[in-house]
Amino acid sequence: MAVAPKINVGDDYREKYGFFDPEKFVFKAKRGLTDEVIQEISWMKGEPEWMTKLRLKSHAIFKKKKLPTWGADLSVIDFDNIFYFLKSTEKQGTTWDEVPEDIKRTFDKLGIPEAERKFLAGVSAQYESEVVYHSLHQKLTDQGVVFTDTDTALREHPDLFKEYFGTIIPPADNKFAALNTAVWSGGSFIYVPKGVHVDIPLQAYFRINAENMGQFERTLIICDEGSFVHYIEGCTAPIYTTDSLHSAVVEIIVKRNARCRYTTIQNWSTNVYNLVTKRAVVYADATMEWVDGNLGSQITMKYPSVYLMEPGAKGDVLSVAFAGKGQHQDAGGKMIHVAPNTTSTITSKSISKGGGRTSYRGHVKVYPGANHCKSFVKCDALLLDDESRSDTYPYNDVDAENVTLGHEATVSKVSDEQLFYLMSRGITQNEAETMIVNGFIEPFTKELPLEYAVELNRLIQLEMEGSVG
Amino acid sequence: MPFTKESVEEIASLHGEPDWLRTRRREAWEVYERIGLPDRSEEEWRRVDFKGLDLETFAAFEPANGAAPGLPIEGAAGVLQQRGSQPGQVELEEELRRKGVIFMPLSQAAKEHPELVRDRLFSEVKADRDKFAAAHAALFSGGTLLYVPDNVEIERPILGQYWSSGGGAAILPHTLIVAGRNARFNYLDEFLSPSLDEPAFTSGSAEIFVGEGAAVGYVSLQKWGRHAYQFANQRAHIAKDGSARIFNVTLGGRFAKVRCEANLQGHGASAELKGVYFASGDQFFDFHTLQDHQTGDTTSDLLFKGALEDTARVVYAGLIRIEKGAAHSDAYQANRNLVLSDHAKATSIPMLEIDNNDVRCTHGATVGPVDPMSLWYLESRGIPTATATRMIVQGFFGEVVDRIPFEQARHLVEEELEARLG
Chain A
1 MAVAPKINVG DDYREKYGFF DPEKFVFKAK RGLTDEVIQE ISWMKGEPEW MTKLRLKSHA
61 IFKKKKLPTW GADLSVIDFD NIFYFLKSTE KQGTTWDEVP EDIKRTFDKL GIPEAERKFL
121 AGVSAQYESE VVYHSLHQKL TDQGVVFTDT DTALREHPDL FKEYFGTIIP PADNKFAALN
181 TAVWSGGSFI YVPKGVHVDI PLQAYFRINA ENMGQFERTL IICDEGSFVH YIEGCTAPIY
241 TTDSLHSAVV EIIVKRNARC RYTTIQNWST NVYNLVTKRA VVYADATMEW VDGNLGSQIT
301 MKYPSVYLME PGAKGDVLSV AFAGKGQHQD AGGKMIHVAP NTTSTITSKS ISKGGGRTSY
361 RGHVKVYPGA NHCKSFVKCD ALLLDDESRS DTYPYNDVDA ENVTLGHEAT VSKVSDEQLF
421 YLMSRGITQN EAETMIVNGF IEPFTKELPL EYAVELNRLI QLEMEGSVG
Chain B
1 MPFTKESVEE IASLHGEPDW LRTRRREAWE VYERIGLPDR SEEEWRRVDF KGLDLETFAA
61 FEPANGAAPG LPIEGAAGVL QQRGSQPGQV ELEEELRRKG VIFMPLSQAA KEHPELVRDR
121 LFSEVKADRD KFAAAHAALF SGGTLLYVPD NVEIERPILG QYWSSGGGAA ILPHTLIVAG
181 RNARFNYLDE FLSPSLDEPA FTSGSAEIFV GEGAAVGYVS LQKWGRHAYQ FANQRAHIAK
241 DGSARIFNVT LGGRFAKVRC EANLQGHGAS AELKGVYFAS GDQFFDFHTL QDHQTGDTTS
301 DLLFKGALED TARVVYAGLI RIEKGAAHSD AYQANRNLVL SDHAKATSIP MLEIDNNDVR
361 CTHGATVGPV DPMSLWYLES RGIPTATATR MIVQGFFGEV VDRIPFEQAR HLVEEELEAR
421 LG
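Line by line, the protein sequences give chains A and B.
Those letters in the first sequence? Residues 1 to 469, per this note's numbering, in order.
Those letters in the second sequence? Residues 1 to 422, per this note's numbering, in order.
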């Protein structure tokens, strides 16, 4: 049999025919993290040199830092098997058929619009409610408010950016802050000028796209003196992603007399390790409020913190965690009283079900000289069955005079009396339990915008279905 | 007698201890030599500063010397007085002896009643817990066994008193209490020494075995001099329907690292862990407590209250652990700190690990100054500030002092606190 001659079309094509494709630099996604990958990311984004250097320095710190020895076991994370940067076009690897059934079902039950579903499931990279966003955007611009994604901010507001970026959470803060600083991409950037009140909550939701909800997003919010802003991140609907690691950094500066509220509703799919560093510094008579809800992910480790830098500063953390089967929510808050006459409260509500584990981990620290501070921490945990687990680890350190610090926690199951009362009114056990759980987290839901609160209640209802026992 | 392997052998020979105990001392010494000082990056030791403590400089044994102080309480049913490291002198009512109560130095008990001591000694307070526990297990000297047989009730308290008058030595008494089924009694351990220049290494550990249905009250009153570094582990093992009421009073020492633990092993077991402390000058106290609910239908109730003055530092860290099968458990834990000076520092870490849903667990912690409203109220009634403050502090301690298991100890602790308030 004659052997067909082997023809390599690519070979000496150029010489033979005298033409070739112009050499274009195309970023090829590679797994793992090296200095070259970081340089490419920075080059792709067209960043100034200082940022490239900061990224490289952070990478060195990341390599040196150890994983935390407390909390969840993170040793299973394979840092070499992660895509640290993907262009949004490359991300569309998932098709609707690949999206897990339970996620689709939840979309159905929550009544999420079709286009939004595709985005949340990672099928499409863009979901923009253009009209809403643009009219809003115009109004904000008129007020002098900057609300954009963080990459754009670096290009368009370089001075503001450089002044604050990485000052609240330096790369050396912890291993994941270092990782984020090395490979960050996306996130939100907000600047609210002096005295400006932003009436409606700013939601990443208005202009969600892949850039915005990345794996290593970086958010920076600056509230100038006397201003107010409410920022909402995430959404109640589950977000499906094939990325196994989500490691964001959020830095917030709240200047004199200003107030900032940051609401998070985290509902990543249950394959995600969600390791986030969030910190705010608060100056005289200013207020920072973290409203933090964690529903999804396999493991969350997140402790929003407030540094109370000047007298009259106030910090609030309201944290809710729901851990179902196979989930571990290690959440809480930190209040660092640096100045006298500062006040803080932390309220934590957690629910464990079906073998899930919730941990409250918090730290209240009062530095020497920070006299006349007040701090109160309250943790309530609800265990819905005997497979689940709840832990409380509050650290209270007081090093100043006339400081009043209190901590309280309770762990309980759904009370038999409450259940009996509801069931005696003809309500089924499942419905009754759902009502009790919804009541339990009410302090959280009532702080949410209405549409979120409604969705959250529905979501709890879904989670509770079939949990009778 | 320095801190060496030879000293371990010598102490064992001195008391004519049986071979099994000698072996156990040797094993503990091996642990002591093998492990280093606790790593200060570990959570339990992060806030503990034992700089300036050099174990090798201590003498392993202190001969009996110094004038014996009086007894802290009157009318005890039995008294053991230990001077230095020398096994103590015992007095016990004849009637109790007849009922089978055994009360004697631990070294003697190891020889005469191995069936009581052998399986229990260092089974709850383990030698390999840390280097200090290993030193204690290898070099303990004197100490006490109290055994109260089944169904024996003792009306009046039993007293152990440990006195040291020389600095530079290790004073390591160990109390082993074994309560038979339905036994009922109260016990007071008093540790004291004058304040000396040379540092001392002290313990004051206790293992308490509470039999089925038994009720044991145990009070430990620590008044070591300000030269002492104390490392103590007190732990109760509580069987079905047994109850232990452990009360820890820490007043003395330059440094005290105390673990106070209840191991609830049987259904219906209950434990009360109470503590009171008063830290002044440059004292450092660290308390780690554990309420370990291993089975269901168990209850535990913990309250540690203390006042801080001057530049004193206090760390409280407590854990309630409810194991998976421990349904219908009820646990409470509270730590309250009254900070009386600008430079004192309190750290409070009450922790919960709950693995079962059919439980009731609550805890709380507070750190705060004397309540200005209460002070103002008293002052408005014509009471001078100093007196009013004193009254408030007394009231603060009252809540926990009232829970001391027996009256004699309650009066004693009240007097001690009075003296500290000046």
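One thing to keep in mind: the hints can contain errors.
[Stated by the list, open to error] Partial selection, computed: residues in chain B whose CB lies under 10 Å from chain A:
1) ARG47
2) LYS99
3) GLY100
4) GLY281
5) GLN294
6) GLY325
7) ALA327
8) VAL367
[What the hints assert, rightly or not] So these bits of chain A aren't anywhere near chain B, every CB distance computed over 10 Å:
9) LYS30
10) THR34
11) VAL37
12) ILE82
13) GLY324
14) VAL398
15) LYS413
16) PHE420
[As the list claims (entries may be wrong)] As a list, the in silico DSS-like pairs of lysine-lysine whose alpha-carbon atoms are at most 25 Å apart:
17) B:LYS111 with A:LYS365
18) A:LYS30 with A:LYS53
19) B:LYS5 with B:LYS111
20) B:LYS5 with B:LYS99
21) A:LYS446 with A:LYS109
22) B:LYS51 with A:LYS413
23) A:LYS53 with A:LYS139
24) B:LYS51 with B:LYS131
25) A:LYS325 with B:LYS324
These are calculated hints, taken from the structure and not from any lab test.
Just so it is clear, the structure is predicted and the values come from calculations on it, not from any experiment.
Yeah, the Cβ is synthetic: ideal placement off N, Cα and C, and Gly gets one too.
Results for each hint:
1. Because the closest C-beta pair between B:ARG47 and chain A is about 8 Å apart, less than 10 Å, the hint holds.
2. For B:LYS99, the interface hint is violated, since its Cβ never comes within 10 Å of a Cβ in chain A; the closest pair sits about 44 Å apart.
3. Checking B:GLY100 against chain A by beta carbon gives a least distance of about 43 Å; that is not within 10 Å, so the hint is violated.
4. Here the hint on B:GLY281 is broken, as its CB sits about 17 Å from the closest CB of chain A, past 10 Å.
5. Given hint, B:GLN294 at the interface with chain A, is violated; its Cβ is 15 Å from that chain's nearest Cβ, farther than 10 Å.
6. The closest approach between the C-beta of B:GLY325 and any C-beta of chain A is roughly 9 Å, which is under the 10 Å cut-off, so the hint is satisfied.
7. A hinted interface residue such as B:ALA327 counts as satisfied when its beta carbon comes closer than 10 Å to some beta carbon of chain A; here the least separation is about 7 Å, so the hint holds.
8. Restraint check, B:VAL367 versus chain A: the minimum CB separation of about 4 Å is within 10 Å; hint holds.
9. Non-interface call for A:LYS30 relative to chain B: holds, since the shortest CB-CB distance, roughly 35 Å, exceeds 10 Å.
10. For A:THR34, the requirement that its beta carbon stay farther than 10 Å from each beta carbon of chain B is met, with the minimum near 30 Å.
11. With a cut of 10 Å on Cβ distances, A:VAL37 stays outside the contact zone with chain B, its closest approach being about 32 Å.
12. At the 10 Å boundary, the C-beta of A:ILE82 stays outside the reach of chain B, the nearest C-beta of that chain being 28 Å off.
13. Taking the minimum C-beta to C-beta distance to chain B, about 14 Å, the non-interface status of A:GLY324 holds against the 10 Å cut.
14. A:VAL398, annotated as away from the interface, has a beta carbon of chain B within 10 Å; the closest lies near 5 Å.
15. Consistency note on A:LYS413: stated as away from chain B, yet its beta-carbon is not over 10 Å from all of that chain's, at 4 Å minimum.
16. For A:PHE420, the requirement that its beta carbon stay farther than 10 Å from each beta carbon of chain B is met, with the minimum near 15 Å.
17. With a CA separation close to 53 Å, the supplied pair B:LYS111 and A:LYS365 exceeds the 25 Å bound.
18. Distance check on the hinted pair: A:LYS30 and A:LYS53 sit about 21 Å apart at the alpha-carbon level, within 25 Å; holds.
19. For the given pair, B:LYS5 sits about 22 Å from B:LYS111 by alpha-carbon distance, which is consistent with the 25 Å threshold.
20. Under the criterion of a C-alpha separation no larger than 25 Å, the hint pairing B:LYS5 with B:LYS99 is inconsistent with the structure, at around 40 Å.
21. The suggested pairing of A:LYS446 with A:LYS109 holds, with an alpha-carbon distance near 22 Å, which does not exceed 25 Å.
22. Taking the CA atoms of B:LYS51 and A:LYS413, the gap is about 45 Å. The hint is violated against a cut of 25 Å.
23. Proximity of A:LYS53 to A:LYS139 is assessed by CA-CA distance (about 36 Å); at most 25 Å being required, the pair is judged violated.
24. Between B:LYS51 and B:LYS131 the CA atoms are separated by roughly 15 Å; this keeps the pair inside 25 Å, and the hint holds.
25. Straight-line distance between C-alpha atoms of A:LYS325 and B:LYS324 comes to about 16 Å, which keeps the hinted pair within the 25 Å bound.
This entry does not satisfy hints 2, 3, 4, 5, 14, 15, 17, 20, 22, 23, going by the numbered hints stated previously.
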